[in-house]
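Residue-level listing of the chains:
2 protein chains.
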Amino acid sequence: MQTLKLELGERSYSIHIAPGLLQQPQLILPQLRGKQVLIVTNTTVAPLYLQTLTSSLQQARPDLDIRHCILPDGEAYKDITHLQLIWDALLEAGFNRHATLVALGGGVIGDMTGFAAACYQRGIAFIQVPTTLLSQVDSSVGGKTGVNHPLGKNMIGAFWQPRAVIIDTNTLKTLPQREVAAGMAEVIKYGLLADANFLDWLEQHMAALMAGDPVLLAEAIARSCQCKADIVAEDERESGKRALLNLGHTFGHAIETEMGYGVWLHGEAVGCGMWLAADLSRRLGWLTGKELQRIEQLLLAASLPVRPPAKMSVDAFLRHMAVDKKNLDGQLRLILLQKPGEAVLMDFKETSLLRQCLSDAL
Amino acid sequence: MQTLKLELGERSYSIHIAPGLLQQPQLILPQLRGKQVLIVTNTTVAPLYLQTLTSSLQQARPDLDIRHCILPDGEAYKDITHLQLIWDALLEAGFNRHATLVALGGGVIGDMTGFAAACYQRGIAFIQVPTTLLSQVDSSVGGKTGVNHPLGKNMIGAFWQPRAVIIDTNTLKTLPQREVAAGMAEVIKYGLLADANFLDWLEQHMAALMAGDPVLLAEAIARSCQCKADIVAEDERESGKRALLNLGHTFGHAIETEMGYGVWLHGEAVGCGMWLAADLSRRLGWLTGKELQRIEQLLLAASLPVRPPAKMSVDAFLRHMAVDKKNLDGQLRLILLQKPGEAVLMDFKETSLLRQCLSDAL
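Residue numbers (full-length UniProt numbering), protein chains in the order written: chain A, 1 to 362; chain B, 1 to 362.
Calculated from the structure, these hints are not laboratory results. Please note that a few of the clues may not be correct.
Put simply, identical chains are the same to the list, so a pair is met inside one copy or across any two.
Said to hold, decoys possible - Calculated pairs, SDA-like style, for lysine to any residue (alpha carbon to alpha carbon, straight line, at most 25 Å): (1) Lys339 with Ser12; (2) Lys241 with Arg97; (3) Lys173 with Asn197; (4) Lys241 with Glu10.
For reference, chain A alone in the conformation it holds in the complex (with noise of 0.2 Å):
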């Protein structure tokens, strides 16, 4: 097992990266407060992984309150509507604020239900068990929680941090191969804005990794966790670097708004906007041709689309991209490539340039 920490002071914790970890109750149950315990799944997951869990943390603790919340799979539910539902739970089983929750699932699971303990009560503890490539390597880590709003995404939420993250990385066997494309855009993400080894590395080894090979997955899911928590650590509240992560977002949130969420896959309009950025950068002469072409053959490799869909249009991303949150007062912002391996958030003013990229694309 490889055990990462973040560390944030009082609110420092582990992430746990293995398989079988499901079946290991032990690394969930220190991090209870009281005896009560409501997994937040979705229709998906349950089948496959609610009884395996709920089974474990009873069997090691029978005393324990254990109920479960199940909410439709999609990101097309991740809203205030269904987050009410997990409030409902709570408090039709008389919950009180040291009851903690576990998110059993994908990013919407985890962001949803990391926001509903963030609020139910004023605050209330949560742990982590990702299921999907794209929340093993990225939402999972550094307590950005929330739900989206018709206008935009992510744009209700709380920064919460978990007790703990638990990757069981045979989850990954059961998960469609779609997902697994749309999880490897934030772990190409990490070595595109940061780390000019990983990025080589991800070369190398892309064909095995959408194979399936458990060693390499677990490799990459431990440098991108790092990579991820390193940046948390020293910028929680994004008033600075944690921008970063962003790369890819400001375009794929367009995407995802304009399209209805869940037409396209988070990971894959963010694989598109990394894209977009990286196109934007070699306008700007701080890419090559020849790098641009290195990094769409490794989104292709990972089966991203490198292109936005038909249906966008250039105002309609430009529209979308007005209310991202790193604007402010009516700058817009942005996550460029100084180099491969090598992100910078910069204001841009050159709307000639976006709209001519823009346009090109599509």
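Starting from the structure of chain A, add chain B where the hints point.
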């Protein structure tokens, strides 16, 4: 002007108390982060003070983009549905995370605006401008924010501190007498739980306070805010002493929830709840019958109810009290009086004594 300071490290802020502060924008302006301001108020307060506040800010800083969001007035609307109207207004205005919310109104507006600020783009700045006695002496100070759930009051919320509290005591001139009484319940609470001298002072001046004496009211507000600020500074997230501020609230919340939010005002329910807590303390032998009578006289002098509504039943009380936030693992916790001016939080196991107390009161 009296200025108190709530010491919370980097989250410290000032509480300003004086007549005419709505026309003193220099207290608010240094607390704004960007140029975007959304004033949240209600249909009762808007015609009285929205124009005054907006004009004074706009004249001092013509570059500000000031919008408003007007909610219906009353505890019945302190729910997630109406909370969303604030987020809708922020997103429709295209406001970013350097926007500032201003809560102009009573406790409901302050709680909802603070919670909206806590969750918008994972947290933006807000300023409290309380216009009722209750919100001036209690809810605007200390960072407790949230909304009600059909199964419990304030069940969904966050700890989120304002950047300043601006108390214009002139707003009390337009406050209905029933609301003055409701606010006085929280003033009396501070005397009962922590300050026997203040309790004496209140007994001496209650008639003049209820008649609206501005100097005495400002004094009562300042002493109440100081008491609250001291306790919050010591225990921001209510892991200990802060729970004492809920004297009367466990009973009071049961009344509010059972009657339907808004039928009894929060302060009325707390007034009755404090009487019940005092009577239960007497039954435990902690207060004398004479001390209980003295407390009852003070509550009556403030036009507060000292008996629960006939519609309540013992079972309704116990059912609602069971989901109170102070309870842990099924154990009822109550705040009782060891003597006038000294409250204590205790695990309460004497159910038959509690039943008798409620039954006699009903």
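Self-check item: Numbers of unmet hints, in rising order
Solution: 1, 3
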